[in-house]
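Engineer: As given, the protein sequences belong to chains A and B, one line each in that order. According to this note's numbering, the stretch in the first sequence is residues 1 to 287, in order. According to this note's numbering, the stretch in the second sequence is residues 1 to 377, in order.
In case anyone wonders, no lab produced these hints; they're calculated from the structure. One or more of the hints may lead you astray.
What the hints assert, rightly or not - In silico DSSO-like cross-links for lysine-lysine, where the CA-CA straight-line distance does not exceed 30 Å:
#	chain 1	residue 1	chain 2	residue 2
1	B	K81	B	K63
2	A	K60	B	K112
3	B	K199	B	K81
4	B	K112	A	K117
5	A	K277	B	K246
6	B	K14	B	K269
7	B	K220	B	K199
8	B	K112	A	K227
9	A	K117	B	K220
10	A	K219	B	K138
11	B	K376	B	K289
12	A	K219	B	K112
13	A	K266	B	K138
14	A	K168	B	K81
15	A	K274	B	K269
16	B	K21	B	K2
17	B	K138	B	K171
18	A	K227	A	K274
19	A	K205	A	K227
20	B	K199	B	K289
21	A	K266	B	K199
22	B	K246	B	K332
23	A	K118	A	K230
24	B	K269	A	K219
25	A	K117	A	K168
26	A	K277	B	K376
27	A	K118	B	K112
28	A	K277	B	K112
29	B	K246	B	K138
30	A	K266	B	K112
31	B	K81	B	K55
32	B	K199	B	K63
33	B	K269	A	K205
34	A	K266	B	K246
35	B	K2	B	K289
36	B	K138	B	K199
37	B	K135	A	K219
38	A	K117	A	K60
39	A	K230	A	K205
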Amino acid sequence: MSILINKNTRLLVQGITGNEGLFHTTQMVSYGTNVVAGVTPGKGGEWVLEGKIPVFDSVKLAADATGANCTVIFVPARFAPDAMFEAADAGIPLIVCITEGVPVQDMMRVRNYLDQKKVRLVGPNCPGMLTPNESKVGIIPGNIAIGGNVGVVSRSGTLTYEVLYALKQVNMGASTCVGIGGDPVNGTNFIDVLEMFEHDPGTEKVVLIGEIGGTDEDKAAEYISVKMTKPVVSFIAGSSAPPGKRMGHAGAIIEGGAGSAADKVKALEAAGVKVAKHPEEIPSLLN
Amino acid sequence: MKLHEYQSKTIFAKYGIPIPKGRVAATAEEAKHIAEELGGRVVIKSQVLVGGRGKAGGVRVAKNADEAEQFAQQILTMRIKDLPVRKVLVDEAAAIDHEIYFAITNDRAAKKPVMIASAAGGVDIEEVAATTPEKIVKVHIDPLLGLRDYQARDIAASIDLPRELWRDFGKIAAGLWQAYLDTDASLAEINPLVITKDKRLIALDGKMMIDDNALFRHSKLAEIRDIDEEVPAETEARRYGLSFIKLDGNIGCMVNGAGLAMTSMDIVKLFGGEPANFLDIGGGAGADKVAAAMRIIISDANVQAVLINIFGGITRCDEVARGILTAMDEVKPKVPMVVRLVGTNAEEGRRLLENAKMITAETLADAAQKAVAAAKG
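Sequences are here, hints too, so could you generate the full structure?
Structural biologist: The structure is reproduced here in structure tokens:
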């Protein structure tokens, strides 16, 4: 079992004819992901991957023709907000945005709009998701993880790869790995994913990879202490980072000085979470 | 990107927010000249991109033009929090009756912009927020609707602003909101917004921060970035699209991905070392970018060892290896280098580096320990 994506995922790729879109589509297809269509405005009617995948002018047209139930976005940052709005308006229930560098004000508009729809956004600025042996949506290298019973959720990209790789070294595998992205305003958060892992019969343990900034890890800690029955192991990146060179007072007024690695570790440990000193320590804490 | 006070206030003025008359000066003579033009009492304000200027003595009130020249001379030779003062703003002095705090910023937890105000404005606002949070008013703004007039009125009422100033305050709120929107600001702050003795509202001080990710649609703003205020290596890094922050340690770090870069620094510290920098080469970096990163790291005289940790995904380890070789050829570094390559094309990368006399490592912990040992010599 798994969460969010599995062998029934019918994937659409927005920006499929771009460099990154095409490269990762090839990777996803060779992993076994069922990529049913691509979208690039102005290139409708073309085919990619030696005529295997049709390209459409819009998400609506692609979804109507292929019954796609998930979309992954590879378009440049300046076009990404529009791509997310388009996917939401076409009613795609699961939208995964890989693009990094989307302006925060755009993301606030996207998030507040999407909250009014019955759709889920993962990302932006994330590596996507991987359910080993079933489906890969995004850019997580397929060969660094094996299937298993550990649910992985992370705000980071390459750090997530380290963790999957460390698990694989000792023959531990993932049920699903979800990269939620490191941007200040994003779609799916830690609690959303923890809740799904808690209810997934295929997940027995959970790894949560956080980092400095914001209060999402603290909220996750609260959720874990009240709602989670499955064991959670964590790592928080950024304990050595110097305090931000900030200028205005508004940040301090809003967040009240929260967000340091030490605070997050403290909150998680108080919730019964084992926190690793470095990512390669995680597998031993899961035993 | 941070804007100076004078840059922020120039933007505020464009949006109809009243600011004091004044101009920026780079020399004491210029400051004197501006003070003569303005006549009467003036304020000489250091323009540096850090807070706490007033408490450091970087803001002084001068009675006349001669005093303005003298104070400007003093302030222009100061360093505030280690930053040299290169410019001063010469503003006409206001007769202050009351100081208000007023700002818009992004509330990441609420996923919305938030307007913040307090009747207890001025330099101690963070203290006010920490000890008497009830004196701070916060109003979230729906990013799809924008600021509504009633929200500005509500704020005016909750900070006990005299009724006769509500209309002017509403215009300032609307102007600040529009300035925040149009510049993709992450902060637009007026502190203090003063009520003068003759009952006018003036934005005496201003600070803005612009979202770097949005600068592609604000080329004019990108041009006013004050690179004199940056560590030169950070400016150089931005030119190559590298994310770099200089630190005080002696172990240079080159990593792909921000989370992994922070983690590599954490582990260096865990094993008793001190990182010299944060450096994220990003995803899919080519050899030229890697070479630039290496040059930037090695140009720091404090660096006694370099730790390279690459987990190849979109980034290819062979490309990274080529970049390292190019840079080594050019700069011929004398410090030991520890390299760990895992993931996409790692074997090819390791093979390329075989003859480069580098220390190799299998795990992250192993790499960090070797770098710490190498830095000790």
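Engineer: Look at each hint and say if it fits the structure.
Structural biologist: Hints, one by one, checked against the model:
1. K81/B to K63/B: holds, 27 Å
2. K60/A to K112/B: Cα-Cα ~29 Å, so holds.
3. K199/B to K81/B: Violated, at about 36 Å.
4. K112/B to K117/A: Answer holds: K112/B to K117/A is near 17 Å, not above 30 Å.
5. K277/A to K246/B: holds, 24 Å
6. K14/B to K269/B: Measuring from Cα to Cα gives roughly 48 Å; hence the hint is violated.
7. K220/B to K199/B: Not OK: K220/B and K199/B at ~35 Å, beyond 30 Å, violated.
8. K112/B to K227/A: This hinted pair holds, its Cα atoms lying about 27 Å apart.
9. K117/A to K220/B: Given pair K117/A, K220/B is violated - Cα atoms ~37 Å apart, limit 30 Å.
10. K219/A to K138/B: holds, 21 Å
11. K376/B to K289/B: holds, 29 Å
12. K219/A to K112/B: holds, 18 Å
13. K266/A to K138/B: Given that 30 Å is the threshold and the Cα spacing comes to 28 Å, the pair holds.
14. K168/A to K81/B: Measuring from Cα to Cα gives roughly 47 Å; hence the hint is violated.
15. K274/A to K269/B: holds, 20 Å
16. K21/B to K2/B: Measuring from Cα to Cα gives roughly 22 Å; hence the hint holds.
17. K138/B to K171/B: Judged against 30 Å, a Cα distance of about 18 Å means the pair holds.
18. K227/A to K274/A: Between K227/A and K274/A the Cα gap is close to 17 Å, so the pair holds against 30 Å.
19. K205/A to K227/A: holds, 14 Å
20. K199/B to K289/B: violated, 57 Å
21. K266/A to K199/B: violated, 49 Å
22. K246/B to K332/B: holds, 21 Å
23. K118/A to K230/A: Holds - the C-alpha atoms of K230/A and K118/A are around 28 Å apart, at most 30 Å.
24. K269/B to K219/A: holds, 27 Å
25. K117/A to K168/A: The given pair, whose Cα atoms are some 38 Å apart, is violated under the 30 Å limit.
26. K277/A to K376/B: holds, 23 Å
27. K118/A to K112/B: Status holds; Cα separation ~20 Å.
28. K277/A to K112/B: violated, 34 Å
29. K246/B to K138/B: At roughly 35 Å apart (the allowed maximum being 30 Å), K138/B and K246/B break the hint.
30. K266/A to K112/B: holds, 28 Å
31. K81/B to K55/B: Cα-Cα ~11 Å, so holds.
32. K199/B to K63/B: Roughly 23 Å separates the two Cα atoms, so the pair holds.
33. K269/B to K205/A: Given that 30 Å is the threshold and the Cα spacing comes to 29 Å, the pair holds.
34. K266/A to K246/B: holds, 28 Å
35. K2/B to K289/B: Status holds; Cα separation ~26 Å.
36. K138/B to K199/B: holds, 25 Å
37. K135/B to K219/A: holds, 26 Å
38. K117/A to K60/A: holds, 16 Å
39. K230/A to K205/A: holds, 6 Å
When each numbered hint is compared with the structure, violations occur for hints 3, 6, 7, 9, 14, 20, 21, 25, 28, 29.
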